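2 protein chains.
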Amino acid sequence: MNLNALKKLLVGSPLATAQARHERLSKTSALAVFSSDALSSVAYATEEILLILVLAGTAALHYSIPIGVAIAVLIAVVVSSYRQTILAYPLGGGSYIVTKDNLGTLPGLVSGGALLIDYVLTVAVSVAAGVAALTSALPSLYPYRVVLGVAFVTLVTLGNLRGIRESGKLFALPTYLFIAGIAVLIVYGVIRWTFGWDAAAHAARAVIAPTHDLTLFLVLRAFASGCAALTGVEAVSDGVPAFKPPEAKNARVVLAWLGVILISLFMGITFLARHYGVSPLPEETIVSQLARQIFGDGVFYYGLQASTMLILVLAANTAFADFPRLSFFLARDGFLPRQFGSRGDRLVFSNGILILGGTAALLIVIFRGSTHALIPLYAVGVFLSFTLSQASMVRRWIVRREPGWQWRWWVNALGAATTGLVVLVITVTKFSHGAWVVVGLIPILVMMFVSIHRHYADVAGQLSLEGYTMPPPMQHTVLVLVGDLHKGVIHALQYAQTLAPSVKGVYVELDPERTRRLEEKWIKWGMGVPLVVLSSPYRSLLQPFLDYLDHLLAIGENHMVTIVIPEFVTAHWWQHLLHNQTAFLIKGTLLFRKNVVVTDVPYHLR
Amino acid sequence: MNLNALKKLLVGSPLATAQARHERLSKTSALAVFSSDALSSVAYATEEILLILVLAGTAALHYSIPIGVAIAVLIAVVVSSYRQTILAYPLGGGSYIVTKDNLGTLPGLVSGGALLIDYVLTVAVSVAAGVAALTSALPSLYPYRVVLGVAFVTLVTLGNLRGIRESGKLFALPTYLFIAGIAVLIVYGVIRWTFGWDAAAHAARAVIAPTHDLTLFLVLRAFASGCAALTGVEAVSDGVPAFKPPEAKNARVVLAWLGVILISLFMGITFLARHYGVSPLPEETIVSQLARQIFGDGVFYYGLQASTMLILVLAANTAFADFPRLSFFLARDGFLPRQFGSRGDRLVFSNGILILGGTAALLIVIFRGSTHALIPLYAVGVFLSFTLSQASMVRRWIVRREPGWQWRWWVNALGAATTGLVVLVITVTKFSHGAWVVVGLIPILVMMFVSIHRHYADVAGQLSLEGYTMPPPMQHTVLVLVGDLHKGVIHALQYAQTLAPSVKGVYVELDPERTRRLEEKWIKWGMGVPLVVLSSPYRSLLQPFLDYLDHLLAIGENHMVTIVIPEFVTAHWWQHLLHNQTAFLIKGTLLFRKNVVVTDVPYHLR
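Line by line, the protein sequences are chains A and B. If you read the first sequence in the numbering used here, its first letter stands for residue 54, the second for the next number, and so on. If you read the second sequence in the numbering used here, its first letter stands for residue 54, the second for the next number, and so on.
Keep in mind that a hint or two might mislead.
As the list makes no split between identical chains, a pair holds if one copy fits it or if it spans any two.
Simulated pairs of lysine-lysine, DSS-like, Cα-Cα distance not exceeding 25 Å [unchecked claim]:
(1) Lys80 - Lys647
(2) Lys297 - Lys647
(3) Lys302 - Lys557
(4) Lys647 - Lys540
(5) Lys302 - Lys574
(6) Lys577 - Lys80
(7) Lys80 - Lys302
(8) Lys540 - Lys297
(9) Lys540 - Lys302
(10) Lys640 - Lys302
(11) Lys640 - Lys577
(12) Lys640 - Lys80
(13) Lys557 - Lys297
(14) Lys540 - Lys80
(15) Lys297 - Lys577
(16) Lys297 - Lys574
(17) Lys557 - Lys574
(18) Lys647 - Lys302
(19) Lys574 - Lys80
(20) Lys640 - Lys297
(21) Lys540 - Lys640
(22) Lys302 - Lys577
(23) Lys557 - Lys540
These are computed hints drawn from the structure, not numbers from a lab. Note that the structure is predicted; figures quoted are calculated from it, not measured.
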């Protein structure tokens with residue numbers, strides 16, 4: 054099977070440009086499509102809070118409730134703020150575009166860099182958490198979590214290379230199952246707690262000894278970890294054009310729903326975790342522990358774990374739409390290589406998808422598939438782009454002063470100030486646990502964007518025809534490099550003769566006896582082409598030829614030398630290794646010579 | 054520092070062909086040069102025997118004496134046999150050449166394949182044993198044995214890439230130090246044993262419980278392991294031309310010396326090991342244990358370990374002369390790729406040296422630097438080439454019937470029969486311990502040799518000018534692939550116009566608006582070259598162009614199409630990644646098209 058057939062099997066047949074179309078989503082479908090990233094964080098956000106608090110011992114775990122409330126308030130603020138963005142950007146307000154529009158290019162690039170990192174982490178964290186949901190239910194799979202994580206990433210990558218077109222249908226079932234499952238868990242759990250049905254279990258709670266003091270810093274660190282709950286909230290405002298009309302209105306409604314559902318589920322799990330007295334374990338997630346206690350080890354439990362795993366994989370999937378789209382915008386503006394700007398065979402941005410999948414899989418391998426290890430890297434980028442996006446809106450209201458701008462200004466100003474404060478808290482409390490990577494990487498990415506842009510601009514300037522005067526006609530010399538005289542060389546000589554009237558054969562002498570034999574043959578078969586013999590005291594094939602070439606090039610500035618190399622094309626690839634080493638060497642050496650063109654003339658062997 | 058400067062630093066400046074000369078060796082120098090491989094096996098052969106016997110418990114160790122005697126007899130037989138080869142091949146009788154001469158090509162290739170494997174194993178085993186001598190003296194280095202082994206191989210490889218010219222001087226001191234050191238150890242050890250000075254140490258001998266029965270099979274396995282003592286004995290007969298005249302006579306004398314010294318040292322160590330009651334240990338070699346007991350932990354002990362290590366590294370070094378030389382012969386006869394047939398800058402066969410070093414280092418890593426793990430692979434190839442070489446001599450005497458051939462026939466027949474029997478014993482007893490690798494690899498290598506040879510013969514036939522009639526003159530079409538119109542494209546158009554009077558520009562349309570802009574520019578700057586616009590419904594740049602190309606090629610059999618691609622050469626390599634993707638794609642796709650030549654025309658950017 055050749056490569057094309059394999060690609061077709063895995064990725065599908067090419068689609069025509071005319072087949073690109075926009076699917077318009079109803080509110081319920083849109084909620085499913087745009088909320089999976091945000092809602093899926095319910096599966097791990099509470100656990101990340103507890104995991105920090107437990108450092109100060111079991112007694113410190115009751116701080117999860119006030120921290121949870123703070124995060125719920127934060128969600129409300131961010132959601133309100135983004136509802137303003139939807140109004141202002143009915144065509145979709147991604148943070149890169151909004152920031153570049155209102156605050157300028159450099160802040161826009163910061164936002165873009167932060168988002169690119171964030172999308173990679175969304176994939177890595179979501180898949181790691183999805184695998185954790187799976188291995189909580191089936192502990193025998195725990196040793197294979199890294200392999201499982203990489204397998205999930207590969208699957209999602211392949212799916213996206215095909216182009217997942219039925220997104221509404223695909224997302225609806227797992228998302229609503231997850232919402233329903235967690236809701237039932239919370240309601241039934243609260244009932245059991247109210248009536249004291251699980252009193253025995255609560256008493257059995259293990260007491261974990263503190264290793265850290267319960268400081269304000271530790272509480273803030275726990276809060277910073279919990280902020281992972283907000284990741285993905287911006288998705289609705291990025292995707293406004295996908296809604297059925299009236300787009301903006303529908304999107305605002307869906308975003309409000311999302312906020313209410315997210316707060317409810319997150320607070321519910323946090324409340325249960327507190328009152329069912331579960332502690333974080335390496336092999337089993339908090340949600341799994343709760344579900345096992347409340348539902349027992351039956352079909353409800355496994356159903357909830359399955360839908361948790363699915364929504365997390367879907368959350369990863371959203372990044373596969375976002376990352377390539379952002380790369381496309383950056384490439385279009387000249388900040389990323391042009392390769393990101395073109396759609397592949399299946400109307401998707403293949404390069405972005407491959408890079409995202411590859412990097413996320415690498416992170417899963419490096420961090421051994423651990424959600425906890427990845428979390429400190431996660432939220433910095435998200436909140437930085439929140440802050441820049443809200444700050445852009447603040448500036449926009451001031452500049453435009455549209456009717457009613459004052460109170461909208463206040464909403465966005467509150468959003469910007471709050472999320473900015475959170476960036477600070479996360480950076481400080483998580484810095485040594487991994488946030489430094491992201492803090493360091495963002496300026497590196499921005500510098501990369503800027504230098505790519507500068508390079509493209511520089512090249513465009515050098516190539517511009519503005520005020521250009523046509524150079525004088527070119528002079529041209531054609532040389533045929535000869536090692537022997539056979540059918541392949543005769544083919545190359547014939548070809549060279551069509552290029553220019555005066556062609557020369559060039560031969561580097563390693564052994565005078567061979568030269569004599571070649572010259573004899575040349576008289577008969579050389580077609581009147583003169584043969585230049587260069588001697589080589591050091592057995593180098595290359596140096597004498599390079600010296601000769603320099604001598605020719607010295608003739609004039611607009612003088613081109615074409616070097617024709619007879620090359621075999623063998624029937625099998627391995628046979629290729631038995632020939633053509635000289636051709637390869639010469640091409641490599643002359644690649645960067647000015648005014649030199651190297652032309653292989655293939656001679657096809659059976 | 055560029056690559057050339059690095060190469061010069063590590064490998065040295067190129068040498069002229071005229072600088073190739075032969076160093077002639079006196080008998081004492083020759084003994085040093087050609088015996089290091091054979092003698093160095095004294096450092097591990099006894100240990101390998103004991104290591105097998107001890108499986109049947111400490112009591113079985115006394116079988117080492119009869120096994121040692123059998124091996125000594127074997128050495129005498131092989132040495133006598135090779136003394137005949139020297140007479141018959143005064144220009145050097147490597148097993149490949151001798152076998153090919155007398156038994157035909159296929160047996161010659163078997164011998165060649167066996168020897169190539171053997172040389173790789175000589176390097177791996179000798180270096181592993183050399184590192185064992187070092188770590189026996191300095192046990193704290195034991196955990197780093199793999200790294201040390203790879204470092205030694207790298208050093209020897211680099212040394213050989215430079216070309217080790219002072220070989221006589223280099224070899225003499227360590228070899229004679231080693232011979233003297235082991236001799237003193239044996240004599241002094243026998244004296245101490247005779248007078249019972251080490252009685253206390255003997256009593257302290259640890260008793261090891263048997264895990265295997267003492268079967269004939271086990272004794273034969275121990276014998277097979279001990280046969281490693283014979284590796285390298287053939288070196289003298291391979292190197293006859295390096296001796297001072299009368300070459301053959303001197304070589305025969307040196308080979309006899311070598312036999313006597315080898316038997317004495319090997320039997321001496323085996324005797325001491327038996328009577329000092331040492332048992333093999335993972336961290337300390339037998340020779341080291343003996344030297345520590347007999348000399349004590351002083352300067353004599355460390356001196357002996359150092360000279361053991363040195364001679365083992367030198368033994369590895371001999372393979373670095375043999376492997377590339379054999380590869381050269383095989384390449385010259387068309388059984389290996391031509392690359393092995395040419396000397397590098399420093400008059401050495403660089404490709405062979407690099408492959409030998411790389412493979413040996415790989416083996417050391419795979420076998421964790423353990424001599425014992427490598428030994429079962431080692432002797433099969435050596436004895437197979439012994440057998441074929443002796444059998445060749447048997448046939449030669451019959452065919453030539455030179456004066457006195459009868460008794461010479463008997464000597465070689467005994468040699469061939471004995472070594473053939475040993476091949477059988479080694480293969481059977483060591484098969485499951487690793488010999489299967491070599492037994493399987495030899496036919497694979499032979500098949501590779503044969504198919505390479507067949508390929509070269511086939512190509513030569515296809516290219517031969519025998520009865521060839523000149524093809525009719527070529528027709529030629531030149532296309533310039535255009536994505537935009539700028540200075541680089543104008544440069545390429547100018548170049549293309551020097552190639553043929555009728556040039557066409559070809560543009561693949563992805564976006565009609567861009568086509569319109571291009572056509573506007575083309576009117577002003579297109580130099581009258583016609584522009585062909587191809588439409589692409591699937592956004593593929595390639596497919597419409599390939600279809601157009603097929604259409605052109607259909608014109609006639611002797612019609613060549615040259616595709617000129619304007620390519621940027623950027624100032625820095627990373628900038629290259631930002632351009633030229635299309636050029637790369639097109640070159641890859643068209644590489645195997647018949648009658649198509651792809652020509653990059655570089656445009657140099659600042």
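These are the hints, each one checked on the structure:
Taking identical chains as interchangeable, the C-alpha atoms of Lys80 and Lys647 are never at most 25 Å apart, the minima being 61 Å within one chain and 57 Å between chains. In this assembly of identical chains, Lys297 and Lys647 lie within 25 Å of each other by CA distance neither inside one copy nor across copies; the values are 58 Å within and 54 Å between. Taking the closest pair of Cα atoms, Lys302 and Lys557 never come within 25 Å of each other, the shortest separation being 76 Å inside a single copy and 55 Å across copies. Within a single copy, Lys647 and Lys540 get their C-alpha atoms only as close as 31 Å, which misses the 25 Å cut-off; across copies the closest is 15 Å, which meets it.
Taking the closest pair of Cα atoms, Lys302 and Lys574 never come within 25 Å of each other, the shortest separation being 85 Å inside a single copy and 46 Å across copies. For the homomeric pair Lys577 and Lys80, neither the shortest alpha-carbon distance inside one copy (83 Å) nor that between copies (54 Å) is at most 25 Å. With identical chains, the CA atoms of Lys80 and Lys302 are at most 25 Å apart within one copy only, with a shortest distance of 10 Å there and 101 Å across copies. In this homomeric assembly, Lys540 and Lys297 never come within 25 Å of each other (Cα to Cα): the closest approach is 68 Å inside a single copy and 48 Å across copies.
For a Cα distance limit of 25 Å, the shortest separation of Lys540 from Lys302 qualifies neither inside one copy, at 75 Å, nor across copies, at 51 Å. Proximity of Lys640 and Lys302 under a CA criterion of 25 Å is satisfied in neither setting, with 62 Å inside one chain copy and 52 Å between copies. Proximity of Lys640 and Lys577 under a CA criterion of 25 Å is satisfied in neither setting, with 30 Å inside one chain copy and 35 Å between copies. Taking the shortest alpha-carbon separations for Lys640 and Lys80, neither the intra-copy value of 60 Å nor the inter-copy value of 49 Å comes in at or below 25 Å.
In the homo-oligomer, the alpha carbons of Lys557 and Lys297 never lie at most 25 Å apart, since the shortest distance is 71 Å inside one protomer and 49 Å across protomers. With identical chains, the CA atoms of Lys540 and Lys80 are never at most 25 Å apart, being 72 Å at best within one copy and 53 Å at best between copies. For the identical chains of this complex, Lys297 and Lys577 are neighbours neither inside a copy (80 Å) nor across copies (48 Å), given an alpha-carbon limit of 25 Å. When the C-alpha separation of Lys297 and Lys574 is checked against a cutoff of 25 Å, the pair qualifies neither within a copy, at 79 Å, nor between copies, at 43 Å.
Within a single copy, Lys557 and Lys574 get their C-alpha atoms as close as 16 Å, which meets the 25 Å cut-off; across copies the closest is 38 Å, which misses it. For the homomeric pair Lys647 and Lys302, neither the shortest alpha-carbon distance inside one copy (61 Å) nor that between copies (61 Å) is at most 25 Å. Within a single copy, Lys574 and Lys80 get their C-alpha atoms no closer than 82 Å, and across copies no closer than 49 Å, so neither meets the 25 Å cut-off. Within a single copy, Lys640 and Lys297 get their C-alpha atoms no closer than 57 Å, and across copies no closer than 46 Å, so neither meets the 25 Å cut-off.
With identical chains, the CA atoms of Lys540 and Lys640 are at most 25 Å apart both within one copy (22 Å) and between copies (24 Å). In the homo-oligomer, the alpha carbons of Lys302 and Lys577 never lie at most 25 Å apart, since the shortest distance is 86 Å inside one protomer and 51 Å across protomers. Taking CA atoms no more than 25 Å apart as the test, Lys557 paired with Lys540 passes inside one copy only; the shortest distance there is 17 Å, against 30 Å between copies.
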